[in-house]
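> These are the residues of each chain, in order.
There are 2 protein chains.
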Amino acid sequence: MKSTQSYIKENKDKFLNELLEILRIPSISADPAYEEDTKKMAEAVKEHLVKAGCQKAEVHETKGHPIVYGEYLIDKKLPTVLVYGHYDVQPADPVDLWDSPPFEPVIKKTKNHPKGAIFARGSCDDKGQVFMHIKAFEAMKAAGELLCNVKFMIEGEEEVGSPNLGPFCKKNKKMLACDVILISDTSIIANDIPSVTVGLRGLSYVEVEVVGPNKDLHSGVYGGAVGNPINILADMIASLKDKKGRITIPGFYDDVIKLSKKERDAQNAAPFDLEAYKKELKVKDTQGEEGYSVIEQTSSRPTLDVNGIWGGYIGEGAKTVLPSKAYAKISMRLVPNQSHEKITELFKNHFESIAPGAVKVTVKPHHGGAPYITPTTTPEYLAAAAAMKDGFGKEPIPVRGGGSIPIVALFEEVLGVKSVLMGFGLDSDDIHSPNEHYGVFNFNKGIETIPYFYKHYAAMKA
Amino acid sequence: MKSTQSYIKENKDKFLNELLEILRIPSISADPAYEEDTKKMAEAVKEHLVKAGCQKAEVHETKGHPIVYGEYLIDKKLPTVLVYGHYDVQPADPVDLWDSPPFEPVIKKTKNHPKGAIFARGSCDDKGQVFMHIKAFEAMKAAGELLCNVKFMIEGEEEVGSPNLGPFCKKNKKMLACDVILISDTSIIANDIPSVTVGLRGLSYVEVEVVGPNKDLHSGVYGGAVGNPINILADMIASLKDKKGRITIPGFYDDVIKLSKKERDAQNAAPFDLEAYKKELKVKDTQGEEGYSVIEQTSSRPTLDVNGIWGGYIGEGAKTVLPSKAYAKISMRLVPNQSHEKITELFKNHFESIAPGAVKVTVKPHHGGAPYITPTTTPEYLAAAAAMKDGFGKEPIPVRGGGSIPIVALFEEVLGVKSVLMGFGLDSDDIHSPNEHYGVFNFNKGIETIPYFYKHYAAMKA
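Chains A and B, in that order, give the protein sequences. In this text, residue positions in the first sequence follow the working numbering: the first is -7, and each later residue adds one. In this text, residue positions in the second sequence follow the working numbering: the first is -7, and each later residue adds one.
Keep in mind the hints are simulated off the structure, nothing from the lab. Bear in mind that the values here come from a model prediction, so they are computed numbers and not experimental data. Among these hints, one or two may not hold up.
Put simply, identical chains are the same to the list, so a pair is met inside one copy or across any two.
[As the list claims (entries may be wrong)] Mimicking DSSO-like on lysine-lysine, the simulated pairs with C-alpha atoms at most 27 Å apart in a straight line are:
1) 250 with 410
2) 233 with 253
3) 31 with 55
4) 352 with 233
With the sequences and hints as input, model every part of the structure.
Right, here's the structure in full:
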């Protein structure tokens, strides 16, 4: 695909500058304060689809943030690729930990990105990776080398659990009909170790409220006799794991598929340096479920993490208060073949059942998603692997990711097609953290590699 | 003291209105944002001392908030009463739980205050109770019935541990020389059950920081292998108490004086209705150390309460973050003869020692104070008991309070005199809580009762 690649080479700087522009829009889906910005971002995506050459591009309103759809259809006989991604981003806080403003992109060199990385919220997750697909499409079309029909579905609620994407897919099955869904919202092992994600963890996210006395009390007058909601919440959270780091919720592991030694060995064969890992995070030890490697703990084993906790006096100085309420946000990462609905139910029943009489406990489900696993023998995977080899000059390694893209399992169920997780970020890119960044190398390499997928996929389906 | 009492009766409304005025000044000592207001409050106290008839009234600057001193000396041969109190108040948050603005006093009837209560931060703790002493002095002087020399020492840092009062007392021993220290910063059992506080708990207040990875992480990518500071903080807090509600810090109970059955029976003889207590707080059960009554748990037994906790994402919606840091404010109430310095040290060593390798833990001491206990056979106590009987027409019950006035032990050490804790609030007055209030009955009854203390104390010392 000579002329596609040369178009890409010639337009490198233009592509990068266009990306920097959309990174300035704070499309934070979790925070109602940014509603206008998410709308603005949806419009920007639509305009880029039109500029890139789509025959049709529309902003579809939902109960939440809009979904952008675009398409370029050449020939019914050719396979159709549906590109999925999201234009919304995680909240930027704690903002004071950013070295530069989260929505004013700057390019700086890093250890893992000697050629420079784009620092901005959403640079890697997922605006930067979505934009690679729009630019790859623009290049293939401009070069007259587009070998598949293309559809784009870019949503604005991935970071809040895609509540409206499922209904949208069900309602628009015809419009979204395709042979494969192509997604870049994951990572590679390293810039010289390409990989393709073949598994994702599911997610169950809940918020818990612990209510003790009907008002904040003086800790001297009442302390010792009145149950303290914070102490009790701490007890309850601590009781959710045993000494071996196993989750104690009855039935939690019932549906987990036990991996064979062969499968575990294959996973653990992926390059991994524990000392470098600890050094990078500045921790003396890791801490996970006994009997599993870090790779397994972060990909093929379920987890339970408190994502946030608050209660009582958290201001300057000291206040001797026995608070009325305490709260926590708790999420569990799930693996095949756990059901997030079932796990959320198990958590709710268990957590409410262990509450002592001194408090009232309520568990509010936030959102969830099913885990996903894809075999490495499908034409979808083989096309992705071949494309990565063309792009990086190296066979990619199939890996299971620890994160969740809940919607992927739903695509298979509703649209009946497999998804390919061909991401180009690095785990060290600080997505969801302060100073999120995305390598300029990775951005360019993604744009170069995507057309090879179309080529190989078209050939396999021919 | 006929004419003193009639002066009080005649000036009831004036006294109340003067109190409402000073309740409008938000003299929050913990929050630097209110520095100007604490200064303004100190000046207001000084002016009231002058108006009440002090020969001398001064605002003494300290490293923190100023201390107000005033005096009226009649005759070296007469005993000298030093009135101690504080003009600073607790922070008002959570402000949204107040039914009326915390610094705009309103008078409303309540179950325990059918004649009405003054709702405002500081109404009971301690502006309202300090003001009773200034008004009682004004009345005695106006009536020519003042039988003791009087000194006032009103500080502005009681709610933050009185860091500068100790040095001030040491530096001004001569000026502060007295026979007894009279304090109204405690409560009575009920408006028809007078009591005098004969014990106070000590306090050790610390803040803990738990640091895991060097930045917030994606809970999917790292969750399961990287120690979560919130989960670990919860584990550590939970481990501080055993199943019987006993504190597990090695050596914590070593210095606690075991009470005799007789002493315990005497304490438990005080009127107490557990069902009413639980109903008032809207809790199904209390939760305290096994083998002790609620009265004991809240007065003669030490405690450990988390006063505040925070970490991770606490905003709207969901953020799948594995946070870098988590924090808690933790305080322990102490009993005779525990040393707050020793307990703080024991806590710090223990808490830091149980930190797993996945985190770094730091314990920062906030402030502390020694517990206090006074016999019921001293002239100081007997004068207070006689005064309460004159005021309420009923023998008062000696009770141990659960709160702490750290400075009381220091007074005995530095000034070599006993303190009398003749407070007039109710435990249900919501001090340190939203909607703090103080009964109009209690305010008036305090002003009426205080002159009887001077009368009986002068007679006993004659």
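> Which numbered conditions among the earlier hints are violated in the structure presented, ordered from lowest to highest?
Nothing - there is no hint that the structure violates, so all of them hold.
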